[in-house]
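K.L.:
These protein sequences, in sequence, are chains A and B. In terms of our numbering, the first sequence is residues 441 to 1232. In terms of our numbering, the second sequence is residues 25 to 189.
These are calculated hints, taken from the structure and not from any lab test. Since we're looking at a predicted model, the values are computed, not measured. Note that CB positions come from ideal geometry on N, CA and C, so glycine has one too. One or more hints might be untrue.
Rough simulated footprint, nothing fancy, chain A against chain B, three-plus residues with beta-carbon under 8 Å [unchecked claim]:
id: 1; stretch: 64-78
id: 2; stretch: 97-103
id: 3; stretch: 114-124
id: 4; stretch: 129-139
id: 5; stretch: 150-157
id: 6; stretch: 160-170
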Amino acid sequence: MNVTTKYDRPNSYIGSSVPRPNAARLLQGRGRYVDDKILPRMLHAAFLRSPHAHARITRIDTEAARALPGVVAVYDGAEIARHVTPWQGVLTHLAGMRSPDQPALAIDVARWQGEPVVMVVAQSRAIAEDALALIEVEYDPLPAVTDMEAALTEDAPRIHPEIDSNLCWQRDIDAGDVEAAFDDPANTVVERRFTFGRHTGVTLEPRVCIGDYDPSEDRLTMHYSGQAPHMMQSVLSRHLGVPEARVRVIAEDVGGSFGIKIHTYGDEIATMAAAKLLKRPVKFAADRLESFMTDIHARDHRVTARAAIDAEGRLQAVEIDDITGIGPYSVYPRSSGIEGNQVINLIGAPYELPAYRARLRVAFQNKVPMCQYRAVGHPIAMAVMEGIMDDLAAASGRDPVELRRINLRADDSYPSASPQGMKFADLSHQACLDKLLDMMDYERLKADQDRLRAQGVYRGIGFVNMVEVTNPSPMFYGVGGAPIAAQDGATARLDASGAVHVANSITEQGQGSESILAQITADVMGVDLADVHVTTGDTATVPYGGGTWASRGAGIGGEAMLRAATALKDQVLEVAAAILQGRPEALDIRAGNIVDRDSGQIRMGLADLGRTVYYRGNELPDGVAPELIATRHFKVSDYPFVFTNGIMASHVEVDAETGIVTLLDHWVVEDVGTILNEKLVDEQIRGGVVQGIGGALYEECVYSEDGQLQNATMADYLVPMAGEMPDIRIAHVSTPTRTSELGAKGAGEAGTAGAPGAVMNAVNDALRPLGARLSQMPMTPERVLKSLRQGG
Amino acid sequence: MSATLPITLTVNGESVSADVAPRVPLVDFLRETLGLTGTHLGCAHGVCGACTVRVDGAAVRGCLMLAVQADGATVETVEGVSDSGEIADLQDAFHRHNALQCGFCTAGMLMTAAELLDAGGPPPERAEIREHISGNYCRCTGYQSIVDAVEEVAQARAADKGGQA
């Protein structure tokens, strides 16, 4: 599909699927990931971690470890705590949320298997690990609280004695007359209980960091594999006692993050503390076992859903009870409440819904901490609502598409709001549905499905209508007291050679952030893409801003870039007009030259202008004091979030003998507003879909009853591999957001948000003639077979 | 632990001699001793494929082979096959298809794909490409763009061969 924008003209890059300029060096093995960096006198950290989910630490003996040649320092939790203040992962706008102080390393009590207990710093990682084996720690095991529902019973052991229960947070929503809808005998009512397993990010590059402290200037540098450098700068300053302006956080190439590397991890903070104490660089690189046992986990919900439609099929009410287990602490500084909050906020969002009631309970438990991961809460909200829609369709004898069409918010109904108070604008559910049905040839698929069922082949089609929270305003985190910027900044400057250098506070983890910044700049400035040079990921050199998360890079950082580049262009034209004795309005920049706007005649090159300004300022007319640098910031106002919308369909075949689900096709129609680079958008969606499929079919952190993680290797924790994945077809509807000039909404999480529900509905569509239904993810072959036994 | 063994091997066409501890994996030797950081370590237990390098012509997991086992071997890494131009067409196709995002799996993916492309015979079907790279984990792309890139190069190389014949 060709996307035409208002920016079409020479050097028109907005909307063009140009290859990412910064991918070339990654293809040649010339990336700069944190573990690639070897600093002079650098030491290596390793951590002894609790083998118990919950245990009192009664004795720590590190004498033998300290004596090992090559070991430089050994710290336990109490020693680190003398140099690092604890943190609390609560947000004030999530009223009533509580979480106790969390230390960098466990002190007295370990609360999950994998929590760091002792840190060794040595001349090599191998020596540090040798030293770990020489440390003796005695534990007095305590009862492990693992089941989220059991955690909230009155007689459950308390994970934190200072809090009166294991409840971190509860939120209730009650809007409209839910009871009346369920009591009306004319209505069709369905109820279903869903279970969503824990999974985790499995970034191919594990968490890695280097701390580098210069005591002569009291400056701490963190080489960081992550998404939010300025947030980390503030976190390090707050808890290590270094002035914020003397903390520098550098994020160069990042080997995947997906929300995993945006949180505060005790081992990383302890590594920074060790660098400060030892006045030498210290590196910590998590190994894969540590990744599984310490990277944040995600999802882990049990949801009971009830819904009613009237005789015409119109939704009358939805009621939700969601309980989620978050491990022993709410994660700092984003909190572990946002996930569940999004679940109850987003359920039903695509539809006209008059009444809604929800209860969310967030429970502490002795497992790895749970927090925001790609598509935060969305996969749960979409899978629950769309599963219920299929149940309502079946119960009322309607085709699933027909029921959705009856209830979708109309494309001409915006702005509008949900019973939860979510504000919607510029969405296109109806247009997306039409486009999807065309693309997938729904009628033919249904006919094939019927024909194959007669032959004992069980295929299913599943749909998900969805919204996605993107471009968040300060109402997401900043309002709750977190040091997380909702605005982003961009600087653009012209150098003496006529090249344009830009810096932006959004970051790159492979999405193409730097590419779209270059595209926007080249487009506005009228220069070749190769003449734009982009810097991101360094608090010492980029403007202040939030970073890349919550599908905000293009929409917020991109808009700031547009404004900065526009301001630079104005500066350039003003200088050019002075030199050329004309008016700025009569000039333009095309293909790197100042031209007459009307005739296109070249008046001077940008390089000539740069050299004149920087080398031969004497030639400038009197009173002309050029600035060829501009910075602009942007945040979303008027709307708390810029929602996107989309629809997906999954087509699967279920083998009733083996329980294996084969993915045949997957279709997506998504509305991300203005498309800056369709290729990059499509690849974000594809990767996201596959990540969602992982949660739907394969990925689960399996725990024993006493809180031992059973599958902490990549051989045991299954992720999607190439052999099982389908080709994914994508189309677009483009409704630019009214909140910015650029009109771009986010694209990074939609795939992950919708895919699990689509696959679950497709599996259940395949199982329906066999009388079986699955409501638990991942839908492993074992669970498929169990459902067949129970159903048949 | 401090005892070392002397090894001599050829890395990207250059003879290298070093004393290494027996427990050092090949990937650590390449990355830390030789500074060839283009090869990455993803899981250290042979599952993710990020550390795939070529040893005596075969694609090998650099985390499952010890450096001392590579004594006398010829090792090629992504830096070597990049500088020689050997996989320039594959890299170009990866670039155009956006067959990489974070880039961490890319070196291993390229080495694995190059093995398939070098295997001879008719150009592989998509399913065969998917099967061949199914030991290389990519969290970012969803694999389709990688399959697109490899398929395009396989067909282009086959067409080139046909043209020359």
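K.L.:
Give me the numbers of the hints this structure contradicts, sorted from smallest to largest.
P.N.:
Per hint list: zero violations.
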